[in-house]
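**Q** We have chain R; now place chain H onto it with these hints.
Respectively, the protein sequence lines represent chains R and H. Mind the numbering: the first sequence is residues 1 to 327 in my numbering, read in order. Mind the numbering: the second sequence is residues 1 to 327 in my numbering, read in order.
Keep in mind the hints are simulated off the structure, nothing from the lab. Heads up, some of the hints might be wrong.
Computed from the model, here is a short list of chain R residues facing chain H with C-beta under 8 Å [claimed, not checked]:
| no. | residue |
| --- | --- |
| 1 | T29 |
| 2 | A32 |
| 3 | E36 |
| 4 | S88 |
| 5 | I121 |
| 6 | D124 |
| 7 | L132 |
| 8 | S135 |
| 9 | T137 |
| 10 | R149 |
| 11 | G152 |
| 12 | I155 |
| 13 | G156 |
| 14 | D216 |
| 15 | L283 |
| 16 | I287 |
Everything numeric in this text was worked out from a predicted model, so none of it was measured. For glycine and all other residues, C-beta sits at the position ideal for the given N, C-alpha and C.
Protein chains: 2
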Amino acid sequence: MTMQLSEFELIKTYFSPLSEQTEGAFNLTDDAAVLEVPVEQSLVVTTDTLVEGIHFLSEDGPKDIAAKLLRVSLSDLAAMGAMPAYYSLAIAVTPFMSVEWFKEFSQNLAADQAEFGITLIGGDTVSTSGPLTLSLTAMGFVKTGTALRRSGACIGDDIWVSGSIGDSALGLKVAKGEFDSLAAENKDYLLSRYRRPLPRTLLGQELINNVHSVIDVSDGLVADLGHICKTSDVGAKILMGTIPLSVAGKEAIAIKPRSIDLILSGGDDYELLFTADSTFQKLSKIISERTNVSLTKIGTIIKTKSVCVLDLNGKRYPVSKAGYTHF
Amino acid sequence: MTMQLSEFELIKTYFSPLSEQTEGAFNLTDDAAVLEVPVEQSLVVTTDTLVEGIHFLSEDGPKDIAAKLLRVSLSDLAAMGAMPAYYSLAIAVTPFMSVEWFKEFSQNLAADQAEFGITLIGGDTVSTSGPLTLSLTAMGFVKTGTALRRSGACIGDDIWVSGSIGDSALGLKVAKGEFDSLAAENKDYLLSRYRRPLPRTLLGQELINNVHSVIDVSDGLVADLGHICKTSDVGAKILMGTIPLSVAGKEAIAIKPRSIDLILSGGDDYELLFTADSTFQKLSKIISERTNVSLTKIGTIIKTKSVCVLDLNGKRYPVSKAGYTHF
Chain R
1 MTMQLSEFEL
11 IKTYFSPLSE
21 QTEGAFNLTD
31 DAAVLEVPVE
41 QSLVVTTDTL
51 VEGIHFLSED
61 GPKDIAAKLL
71 RVSLSDLAAM
81 GAMPAYYSLA
91 IAVTPFMSVE
101 WFKEFSQNLA
111 ADQAEFGITL
121 IGGDTVSTSG
131 PLTLSLTAMG
141 FVKTGTALRR
151 SGACIGDDIW
161 VSGSIGDSAL
171 GLKVAKGEFD
181 SLAAENKDYL
191 LSRYRRPLPR
201 TLLGQELINN
211 VHSVIDVSDG
221 LVADLGHICK
231 TSDVGAKILM
241 GTIPLSVAGK
251 EAIAIKPRSI
261 DLILSGGDDY
271 ELLFTADSTF
281 QKLSKIISER
291 TNVSLTKIGT
301 IIKTKSVCVL
311 DLNGKRYPVS
321 KAGYTHF
Chain H
1 MTMQLSEFEL
11 IKTYFSPLSE
21 QTEGAFNLTD
31 DAAVLEVPVE
41 QSLVVTTDTL
51 VEGIHFLSED
61 GPKDIAAKLL
71 RVSLSDLAAM
81 GAMPAYYSLA
91 IAVTPFMSVE
101 WFKEFSQNLA
111 ADQAEFGITL
121 IGGDTVSTSG
131 PLTLSLTAMG
141 FVKTGTALRR
151 SGACIGDDIW
161 VSGSIGDSAL
171 GLKVAKGEFD
181 SLAAENKDYL
191 LSRYRRPLPR
201 TLLGQELINN
211 VHSVIDVSDG
221 LVADLGHICK
231 TSDVGAKILM
241 GTIPLSVAGK
251 EAIAIKPRSI
261 DLILSGGDDY
271 ELLFTADSTF
281 QKLSKIISER
291 TNVSLTKIGT
301 IIKTKSVCVL
311 DLNGKRYPVS
321 KAGYTHF
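So here's chain R without its partners, still in its complex pose:
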């Protein structure tokens, strides 16, 4: 079934209900939304764009596209320590999209809104000859003066990372038909990590005032550590053997040992990578329990301005790709 609803009907049927909890969104019937920012809070704003064929596969369903779109931005908010609040959504719709697509897409947004405490407040729906292009601007709040930054890493800081690294890049390979011999439950796990990122929203808020620098791992572990180092004017040394891997990730690497490069450079993990002084060690256990997210120390901030990865023998491992770049 191809599109049978006008732009106005589409908005009214599938998007207005997502804005109901925010009065100032006016059911998406006005020129703009009018929003309140609590006193002594700053507004945190981030924009992410997904293009069919580049950021998601043409065969990916509306459910996974919705999850990825919103959660990628939520991860950026998490990296600043912000509490999610509002988002606006721009969709360039192709001629091949069905009403059913919008139904599933909006149902998934509704579920994620409830889970992460964010509501739709506006946007734009236009047509395109293709590819499907979605752009989302997410807004959150953080107590003024406390936002987490990339730029505060100090020489001697420990480098920490949440969860496990590399699952999403391995999941993309699985989606493309690789790793055929992997156990079915491990395939499913990696696919789910690729398709439905888990923004570390609570963890970000717990890190406020406790760490020196934070970034979310989107371009790749080494590349994102490079962003911290560049803005902080320092370098980093990480031990490959300490990078946290999931059970599925370990099995995948056992099958194809060269996949270790995906751990270092694959990207799209949406874990938080951060640096802190040694007093964080003790705190890490409490925060890990409170947020139900594992935290692992993987290296040290150093003076020499490069990111150096040491293998199990203490030798420098050559990083084959500095991370995902968009051109």
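**A** Just chain H, lined up with the frame of chain R:
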């Protein structure tokens, strides 16, 4: 010359300088921007998307695309009475775009930033197989509780419109090679109205507390009046002979009298259309002088829930198209 800069270089060279005046944009080097909203002010947010071949012509230059993109959103802020503050920008770049394109594009944004008092605070730059797609989310401030709305029109209100109507739709025809016999300066004027909308930023702020409902004319005069009527649960009657036309618009209609339909339904005027009680008549002269924008009374809000256009003989004029819809 095709693209020779990476995403990071592109941002650093052409976009970071546009964010310099806002400290919390961190030169676009962090995961998100951290912004302040003044006390007792609400945040006004609007998103607009432009797609090559649909919202602008493939032959349109970066200068005009930049102007249209930013000014369309500024017009939405104006319709709420908001003072412009920040914007984020998402661009899906095609393989055919040059560094020169970005240079011109960013230069024009810089000029408009200075003119309208708004700064870039973030965004996303991604690649697409085409068409060029740009999405902008603009943010402004309005004193809490005073935002202008579409929904306040009252029976008996006068209907007012700023500037002149229809120029942009006529300008698009000129751009497509029509109206060949039109005087050169009139062609230029209509083209400029199509390519470089003039958001009524100051006028919007002056209308606060003085009018009952406001919208910007983007879908078309009749369609946008319909939006006011629908959200206000009223109807409207306008007199065709009173709709303000530019000198160029008048000449175009003299050449092709059927073009009058473009006045009613053409859209993209970005004038403010608003309703107010009779006390506004006197105030209109003062506001018009203060903002240097003409204001014209074109009709009345009525009880019957439709938009009715009366021709010069007082007969109902059949509106051929209710306004621009996106599908």
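**Q** It remains to establish, for every hint, whether it holds in the given structure.
**A** Hint-by-hint comparison with the structure:
1. T29: Holds. Min distance 5 Å.
2. A32: Since the shortest Cβ distance to chain H is 4 Å, the answer is holds.
3. E36: For E36/R, the interface hint holds, since the closest Cβ of chain H sits about 6 Å away, which is under 8 Å.
4. S88: Check passed: Cβ of S88/R comes within 4 Å of chain H, closer than 8 Å.
5. I121: Holds: closest Cβ of chain H sits about 6 Å from I121/R, inside 8 Å.
6. D124: Check passed: Cβ of D124/R comes within 4 Å of chain H, closer than 8 Å.
7. L132: Check failed: Cβ of L132/R comes no nearer than 10 Å to chain H, outside 8 Å.
8. S135: Hint on S135/R: holds, closest Cβ of chain H at ~4 Å, below 8 Å.
9. T137: With Cβ-Cβ at 4 Å, under 8 Å, it holds.
10. R149: Where the cut-off is 8 Å and the nearest Cβ of chain H is about 6 Å from R149/R, the hint holds.
11. G152: 11 Å, violated
12. I155: At 20 Å from the nearest chain H Cβ, I155/R fails the 8 Å test, so the hint is violated.
13. G156: Since the shortest Cβ distance to chain H is 23 Å, the answer is violated.
14. D216: 6 Å, holds
15. L283: Cβ of L283/R sits 22 Å from chain H, so the hint is violated.
16. I287: Since chain H brings no Cβ nearer than about 19 Å to I287/R, farther than 8 Å, the hint is violated.
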